[in-house]
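Protein chains in written order, with our numbering: chain F, 1 to 252; chain V, 1001 to 1323.
Hints in this document: simulated from the structure, not taken from any laboratory. Mixed in with the good hints there might be a few duds.
From the structure, some residues in chain V lie toward chain F, with a derived Cβ separation under 7 Å [to be verified]:
| hint | residue |
| --- | --- |
| 1 | His-1205 |
| 2 | Gly-1213 |
| 3 | Glu-1215 |
| 4 | Leu-1220 |
| 5 | Pro-1223 |
| 6 | Ser-1267 |
Pulled from the structure, derived: some chain F residues nowhere near chain V, Cβ distances all over 12 Å [to be verified]:
| hint | residue |
| --- | --- |
| 7 | Asp-71 |
| 8 | Asp-94 |
| 9 | Gly-138 |
| 10 | Glu-221 |
| 11 | Thr-235 |
All C-beta atoms in this analysis are idealised placements derived from N, C-alpha and C, irrespective of residue type, glycine included.
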Amino acid sequence: MIRIDNVSKRYGGTLVVDGVDLTLAGGGLTSIIGPNGAGKSTLLSMISRLIGMDAGTVTVDGLDVTRTPGDVLARRLSILRQDNAMTARLTVRDLVAFGRYPHNKGRLTVDDGRHIDRALAYLELDGLKGRFLDELSGGQRQRAFVAMVLCQDTDYMLFDEPLNNLDIKHAVTMMRLLRRAAEDLGKTVVVVLHDINFASCHSDRIIAMKNGRVAEQGSPEEIVRAEVLEAIYGTAFAIHMIDGQRIATYFR
Amino acid sequence: MLPEAKRKMPPLGILLVAGAVALVACALFMTLGAKGSWSFILPFRGKKLAAMLLVAFSIAVSTVLFQTITNNRILTPSIMGFDALYALIQTGFILMFGATRVSSADPRLMFLVECGAMILFSCVLYRWLFSGAARSLHQLLLVGIIFGVLFRSLSQFMQRIIDPNDFIVLQDRLFASFNTVESDLLGIAALMIAAATLVAWRVAHTFDVLALGREMAIGLGVPHRRVTTIILVVVAVLVSASTALVGPVTFFGLLVASLAYQMMPDSRHRHVLPAAVLFAMIALVGGQIVLERIFAFDTALGIVIEFVGGLFFILLLIRGAAR
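Using the sequences and the accompanying hints, generate a full structural model.
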């Protein structure tokens, strides 16, 4: 369980995350949605101790993220951010192998090899594993990074907009994959999403943020409703039931 | 396809060849054109060779590690002003105490003072990076460049006002030269370099992870702040050791590190670090042989290295490899 207790973050004079209290129960897929600047990514970065908070605490299974040794946390919680520019020149397989670093400190075992191959297969990267990252398209790179996070094999997996750069097929495959990780492997998956309909169709729980606060939280049935979304995004929505899925339209 | 062509030679093969070339260069340096008694030649050239190897090692390792923790392929400790600080300290000493007193002081003591100042400087810079709200590496790099300019201007100002005789002495010290190696410092420099290497060795398993960038390294459980501080101190020690031995060389590190990245198929440190060290050794020892035997000491190796390195730096900037 991830417990977020009165967490705030200030950049200069602006409060980006404003006293958020939130409990993310173990298991399932939780989506965080909200307009730009709502503090979604910042909150995710604080949970994963990439940035410090100005107030409040975050605990993962009772471990305070700011005080727990990095490697202990890295075996429990993994994070993938949006922007993963790097100067290092690596092959896809080398990158995915870094997912095992928290477990092996750089010495690959046979077991690590199995984890790596499985992660590569999960993301359909078998044919690309010998390619260098700078020879890949944006979407292929994104999948390689996700494979690395899968390979880290942690109970909690956080993704900041994992669908960025992905075409429709791979976006759907990615969400199914994350769903499967939550259902079959019992992982706790938290994703920041921009596409409300992906959140609606794949989440167990949706958290809607606005102005640095949690505006609403609940099941897709509770959140994907016209009046709720209109209050969060400040624009008109229509909700349709299509094949048992709640689809929001807002294009006109 | 270009990458295929690059991958033709396995990394180990390149390392072996480079190692063999380096060995041959060392052997040639020790024996070529030797006239007279070996009991004089061997220690005389041996000292020079040892200094060159130490400098090659320190510059190569410090540059690669610095580029790893800053995730940058262009800036090096020397471009960031580490060397300029060395010049400032030297100038300051001579201004305060005069050339005669400084020259008669124990060089080992001077070395330790300089080393301490450099370590202090790098730690202050590092604090700077993590104290502000914007924790970008570009901030550190900009601050470093501005410090470099500040240090250089301060030294130049002091050089204007010191005694002209002192200035001559100072100029001699500040000019990189592989002919007038400070042999008194050889022992202590070797000791410091060995200690720094040992420290670096202990955190070596984090190097490749650090190269992925700060966020990924933290996500993979590397205590980023602690490890980068350790590496910065190691870099400071290596840079001071090499600068104390031969004087500041600005672009040499950039040259050998870039060459290593180019020649090696991937950027894992177990390939790049030894490659950079070996290339540096070949360049220094080989270059010195060429200068001594072909140009008959008409020019200094430092000048040639700076010329080639400077051209290469401009080339890198134009090609936009900054990222």
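Outcome of the hint check:
Nearest Cβ of chain F to the Cβ of His-1205(V): about 4 Å, under the 7 Å cut. The hint holds. The interface hint given for Gly-1213(V) holds, since its Cβ lies 5 Å from the closest Cβ of chain F, which is under the 7 Å cut-off. Annotation: Glu-1215(V) was flagged as interfacial toward chain F, and the flag holds, the nearest CB pair being 5 Å apart, inside 7 Å. Checking Leu-1220(V) against chain F: minimum C-beta separation of about 5 Å stays under 7 Å; hint holds.
Below 7 Å, beta-carbon pairs count as interface contacts, and Pro-1223(V) has one with chain F at about 5 Å; its hint therefore holds. Because the smallest distance between the Cβ of Ser-1267(V) and any Cβ of chain F comes to about 4 Å, under 7 Å, the interface hint for this residue holds. Here Asp-71(F) does not stay apart from chain V, with its beta-carbon only about 4 Å from theirs, under the 12 Å limit. Taking the minimum C-beta to C-beta distance to chain V, about 7 Å, the non-interface status of Asp-94(F) is violated against the 12 Å cut.
With a least beta-carbon separation of about 16 Å from chain V, Gly-138(F) lies farther than 12 Å from that chain, consistent with its non-interface assignment. Non-interface call for Glu-221(F) relative to chain V: holds, since the shortest CB-CB distance, roughly 33 Å, exceeds 12 Å. The Cβ of Thr-235(F) sits about 32 Å from the closest Cβ of chain V, beyond the 12 Å cut-off, so the non-interface label holds.
In this structure, the hints that do not hold are numbers 7, 8, in rising order.
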